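Residue numbers (the working numbering), protein chains in the order written: chain W, 1 to 460; chain E, 1 to 460.
These aren't lab readings, by the way, just hints derived from the structure by calculation. Hints may contain errors.
[Claimed, not checked] The calculated lysine-lysine pairs, modelled on DSS-like cross-linking and capped at a C-alpha distance of 27 Å, are:
id : chain 1 : residue 1 : chain 2 : residue 2
1  : W       : K350      : W       : K311
2  : E       : K200      : W       : K311
3  : E       : K31       : W       : K200
4  : E       : K239      : W       : K31
5  : W       : K239      : E       : K311
6  : E       : K200      : E       : K239
7  : W       : K31       : E       : K200
The model shown is predicted, which means the values in this text are computed figures rather than measured ones.
Number of protein chains: 2
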Amino acid sequence: MPRDRQQLLIDSLRRFLRRGAQPHLRRLIEKARAEDVGLALAELPVREARSILATLLDTPELAADVVSGYGASHEELFEGIAAEDLIPIFRHIASDDAADILGSLPEEQRNALLESFEDEEQEGIEELLQFAEDSAGGIMSTDIFSVDQELTARETIVQLRESPKAELVFYVYCINEEGTLVGVLSLRQLLLVAPSTQVKEIMESDVLSVPVDLDQEDVAQIVARYDLLAVPVVDEFNKLVGIVTVDDVIDVVRDEAGEDMMLMAGVGDEEAATASTAQAVRTRLPWLLASVAGGMGAALLIGMYEAELSKVAALAAFIPIVMGLGGNVGVQASTIAVRGIAMGQLDPSKFLSALAYELRVVLVIAVVCAGIVALACLGLGDSLLGGGATSPEPLLLAGAVGTSLLAVMTFGAMLGTAVPLISHRVGIDPAVATGPVLTTSIDLIGVLMYFVISVTWLGL
Amino acid sequence: MPRDRQQLLIDSLRRFLRRGAQPHLRRLIEKARAEDVGLALAELPVREARSILATLLDTPELAADVVSGYGASHEELFEGIAAEDLIPIFRHIASDDAADILGSLPEEQRNALLESFEDEEQEGIEELLQFAEDSAGGIMSTDIFSVDQELTARETIVQLRESPKAELVFYVYCINEEGTLVGVLSLRQLLLVAPSTQVKEIMESDVLSVPVDLDQEDVAQIVARYDLLAVPVVDEFNKLVGIVTVDDVIDVVRDEAGEDMMLMAGVGDEEAATASTAQAVRTRLPWLLASVAGGMGAALLIGMYEAELSKVAALAAFIPIVMGLGGNVGVQASTIAVRGIAMGQLDPSKFLSALAYELRVVLVIAVVCAGIVALACLGLGDSLLGGGATSPEPLLLAGAVGTSLLAVMTFGAMLGTAVPLISHRVGIDPAVATGPVLTTSIDLIGVLMYFVISVTWLGL
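Starting from the given sequences, assemble the full structure and let the hints guide the process.
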C-alpha cells in the first residue's frame, strides 16, 4: 500500500477513536486489509492501539487478523487485556504465528495464557515453542491437512470440508497408518480424477520434506530452488509434524539477506529503522570500539615511525590511499564470499579455488591502481612533496607507494575471502566475522606494511 | 540439495556421457529433480551440456525442465541445435520463463525461434518481451486460468480439466464479458460449494491486483505483505493480462536484498561468484578508481600541511582513527537508510526525522568514542608523541583529536543518512549512490576537517 494511503488509514483510525465513533472504527477495520490495519496500529501510540483492539474483542476473528499483523511489541499491546478475552483471538491465529507471538511475551504472561487454552491446543503450541526460532520447527505451522493414503478422492474432499483451519490447503499430504509421510497430491489432481480413485493411486510418492531441526535458511533455499508453495516438515521417524509455507519463507529470505548486510555494516541483525536511540547505540557502539582499538593501534604504530616522518613528512600523505584501497578491496572480497556462502554457491571445500580466483582478480586490479598512483606521484612530484631539502626522490616515493598498494590490496583481498570461509567452517556466521573487525584489521596491518615497505625503499 | 550429492549428480552425468550410455543418462535425468539437473549442467563444460540436451530432444517435456533450470548462457547451450528441435521444448516451458530465455538470446537466434512458433504463441511471447525486465509484466506469466463470472462451479471444474498448461492453478480469476478482472476464488472454495453455484456468488470481489508496469520490487512487497501465492496483473483498463506467482517473487526478494549489499560494496549487482576474472575486474575496478581519486585528493591535501607535519609528526598518527571511525559510522548510517528504504519503512517524506534520529544516535556514540580516544592520548602521552622538542602538549592534542572525531563522525553519519534518501528522491538507486563513493567522500572531507581542527587547536 502506498505510503499516503497508509497514512490516511492511520489518521482515520485515530480520528474515529478520538471521537469514540466505535461503529465507524469497526467498519473501517472490516473494510481495510488486516495486514494494513496491523501495521497501522504499530505506528500509533501503544495506548491508542490497545483501545482499538479493545473495541474488537467481541469479534475475535477480526481481532485475530489485526493481532497477527501487528508489527510492534505484543507485550505492550496486550497489557491490561484479560487472558479470557485473548484466548478466543488466539484460536483464530495460525499456530506458527500464535507460537511466535506467545514466544515474544514475558514468561509470566505467556504461562497465564497457555493455561487458559484447552489441553490439546496448549500442547500444540508448547511443542512449537520448544523448537529453535530459526529452525524448520520454529517457522512451521502445525495446522496440516493430511489424509490416509487408503482414502478415496471423494472421502478426501469430505474431510477437507470439515477442517476449517488447515492452513493454505493446496497440497494434500498422504500418510500411512503410522503417520509416516508417504506422498503428496495437489488439490487440482483431486478435482481431475474419478471420485472413487484411491489417494495412493494418484499421489506423487517422491515427496520433498525437511527435518524439523533444519536451519530456516536451508529450508528457504529448498523452497526457492524447487519452486514449492509449502514443504512438509518431518521428525526423525519421518512422521509428518508440520508444514512451512512459502509466505514464511519469503520473510526468511527477506530477513536473511538484509541481516547479512546489516551485520557486515556493524549495525546488528534487527530491523534497525525501528530501534530506539539506546538500542541503536548498544548495537552500533561495540563495532566502533573495535575501530577505536584498531585506530589507537595504528596511532602507536605510526608513533614508532615519528623519526622517519619528521624527515619525510610526505610519508603521511599516502596513509589515506593505502587504507582506503586496502579496506575497499577487503570489503569487495568479503561481500562476494558472504553472499556466495548465503546463496549456496561457495563452501569451505572450495577454499583454495576461491582464494586463487580472488588472487587473479586482485592482482589485475592492484597493478592498475598501484600503477596509476605511482604515475601520479611522479607527475605531481614537487607539489606533493613540498620540494624541501628532506624530500625523497619522486621515483623512489612512487616505487614505495606502488609496492605498498600492491601488497596491502593483495593482503586485503585474501583476508576478505578467507575470513568468511573459515568462520563458516567453524560455525560462526560469516557476516558477523567480517564487517568492521575485518576492515580494522586490514587498516592496521596495511599501515604497518606501508611503513615497513616505504622506509626500506627510501632508505630511512 | 547438499553440495556432495550435487557433485555426485554432475560426476554421474559426465561418466554416462563419456561412455555414451544414453539409456543410463536418460534414466538418471528422469529420476533426478529437473532443477538439480539444470544447475548441474550449468557446471559442466557447455559442449557436454549441449550433448546431454541433445539426448533429450525426443522427450521435449523432460528437456523443457532441464532447459528452464539451466543456470548458464542459453545462447551457448542452444548452439547448433535446430529451431525445429527447440520449439517443442519451448511449448513445455512456462511463458514467463520462455520469454526470459528468448530475451537473453541474440536477436537473430531469437527471431529465428519466434518465427517457428505458431502465430498465437509468438504473439504471447512477443508481448511479454516488450515489458521492462524488472516490471510486473517482465516477471508475469500469461498462462492464466480465468473464467467468466456467470459460469457455475461445475462448469469451472470442466474448464480446469481442459487447460493443462495454466500455471499453478490455486486461485481462479473471474472476469466479466469485457475481460475485466472482477473477482477471485480459491480451488478449495470451488470444492466446497454445490456444483450448480455460480462463480460470482462465491467469488471475493475485492481482489488485489497490480498494474503491468509496476516495479518488481513493489510487486514483491505486495505479495510478501499480504501473504499471497500469486497476484493478478492488469492493464490500464483493468483487463487481466497475467499473474505473478510467488516463486518468481522469492527470486526477486532474494536478488534485491543481495543486490543492495553487492552494490554498496562496489561489486556490481550480478551474482559475482560466477563471474570471469575479466568481468570481475570490469565491475570492481571503477569503484576502486573512485578510491584512488579520493586518496590522491587526500594526499594533496595532506601535502599542503607538510610544514605543520614536519613540526608535529604525531599529527599523522591519528589519520587512521579519524578515517576509520568516520567511514564506519557512515557505513552504519547508510546501510540503515538503504535497508529502511528497501523495506518500505523509510522514504523521503521522513527526511528530517531520519536525520534527527541519526543525529541523536551518533552524538552519543561520537562522545563515547572521542572521549576514549582523548583519554588514551592523555594516558599514552609521551610514548605516542616521541617526547621530542616539537611535541605538543598532550592535553591540546587530546582536545584536537577528540574534537576532530566528534566533527567527522557526526558529518559521516549525516552524509550516510542523507545520500540514500536524496538519491531515492531523485530516482537513483540508493545502494549505488552509497558504497565506495560515500566512504571515499567521508575520508577526504574527514582528513580535511581533522587538519583544520588540529592546526587550530595546536596553534601551528
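So, going through the hints one by one against the coordinates:
1. As the CA atoms of W/K350 and W/K311 are separated by approximately 47 Å, the hinted pair breaks the 27 Å bound.
2. For the given pair, E/K200 sits about 89 Å from W/K311 by alpha-carbon distance, which is inconsistent with the 27 Å threshold.
3. Between E/K31 and W/K200 the alpha-carbon distance is near 20 Å, which keeps this suggested pair within the 27 Å criterion.
4. Taken as a hint, the E/K239 and W/K31 pair is honoured in the structure, with Cα atoms around 24 Å apart against an allowance of 27 Å.
5. For the proposed pair W/K239 and E/K311, the alpha carbon gap of about 78 Å is over 27 Å, so the pair is violated.
6. Proposed proximity of E/K200 and E/K239 is supported: the alpha carbons are some 17 Å apart, at most 27 Å.
7. Of the supplied pair hints, the one linking W/K31 and E/K200 holds, its CA atoms being roughly 20 Å apart against a limit of 27 Å.
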